[in-house]
Amino acid sequence: MDTLVLIPARGGSKGIPRKNVKMLGGKPLIQYSIDIAKMLFSDDDICVSTDSEEIKDVVESNGLKVPFMRPNSLAADTSGMSEVVTHAIRHFENLGRYYKHVLLLQPTSPFRTLTQLQDILSCRESNPGMIVGVTETNANPYYVLFEEDKAGFLQKSKQANFVRRQDCPVVWQINGSLYLIDVQKLKQEGAMGLLMKKKFIMDELSLVDIDSPLDWMFAEYLIEKGFVKN
1 MDTLVLIPAR
11 GGSKGIPRKN
21 VKMLGGKPLI
31 QYSIDIAKML
41 FSDDDICVST
51 DSEEIKDVVE
61 SNGLKVPFMR
71 PNSLAADTSG
81 MSEVVTHAIR
91 HFENLGRYYK
101 HVLLLQPTSP
111 FRTLTQLQDI
121 LSCRESNPGM
131 IVGVTETNAN
141 PYYVLFEEDK
151 AGFLQKSKQA
161 NFVRRQDCPV
171 VWQINGSLYL
181 IDVQKLKQEG
191 AMGLLMKKKF
201 IMDELSLVDI
211 DSPLDWMFAE
221 YLIEKGFVKN
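So the sequence shown is residues 1 to 230, counted in my numbering.
List of simulated lysine to aspartate or glutamate pairs, DMTMM-like, C-alpha gap at most 25 angstroms:
#  : residue 1 : residue 2
1  : K158      : E148
2  : K14       : D209
3  : K14       : D211
4  : K65       : E54
5  : K100      : D2
6  : K27       : E54
7  : K100      : E189
8  : K185      : D45
9  : K225      : D215
10 : K100      : D119
11 : K22       : D43
12 : K225      : D203
13 : K38       : E53
14 : K56       : D44
15 : K100      : D35
16 : K198      : E125
17 : K199      : D119
Have a look at the derived ranges for each label pair, beta carbon to beta carbon:
#  : residue 1 : residue 2 : range
18 : D43       : D119      : 20 to 28 angstroms
19 : E136      : V163      : 15 to 23 angstroms
20 : E93       : K225      : 43 to 51 angstroms
21 : D57       : L95       : 18 to 26 angstroms
It is worth saying that the hints were derived from the structure and are not from the lab. Using N, Cα and C, we set each Cβ at its ideal position, and we do this for glycine too.
Please take these sequences and the hints and turn them into a complete structure.
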């Protein structure tokens, strides 16, 4: 018993109502994360953390038991993910089950691959606190990102004299798809312990993070055109 797979799925969703259980490509969105986890882990090591009875019913109707209901205090818009992870860890430790790592799979990132899971898990021993899935971004703060100054004029977010975008330093975007968390580091330092991050490079499909109706339509398009398999 080394790694707990945690799939956080609260019921509240403003952009897409009932998002986690809405059908995408013939199955509930949350099922993508469950299915990929089941390729490597036993059901006992996969935990869906939810405050929603509907999500619980959908998950359990697809063969995975939900071990507890998340309290409302950890299901608000302002709830921190480190607290959600800690709550799950404590639940299992109260049952005498101690994990060294938590692999966090957000349901809104459905297009992970088995190889990606295997590769990030192989990095467990070099984890400084958290290893996060990233994708190279074109929205480079040295080139195309600007902020307003006090006079209302746009200034580059990071000042530099690069003429071409290709000359700018590579900038990584956390894609929300994979998080590998060191449990001991989280216990010792709380959320601060997760500030020590290493990158895990992923492809562009991993940037698909479903948060709006447009995101949903794009995900459906990718499935229909065969860019991803469901």
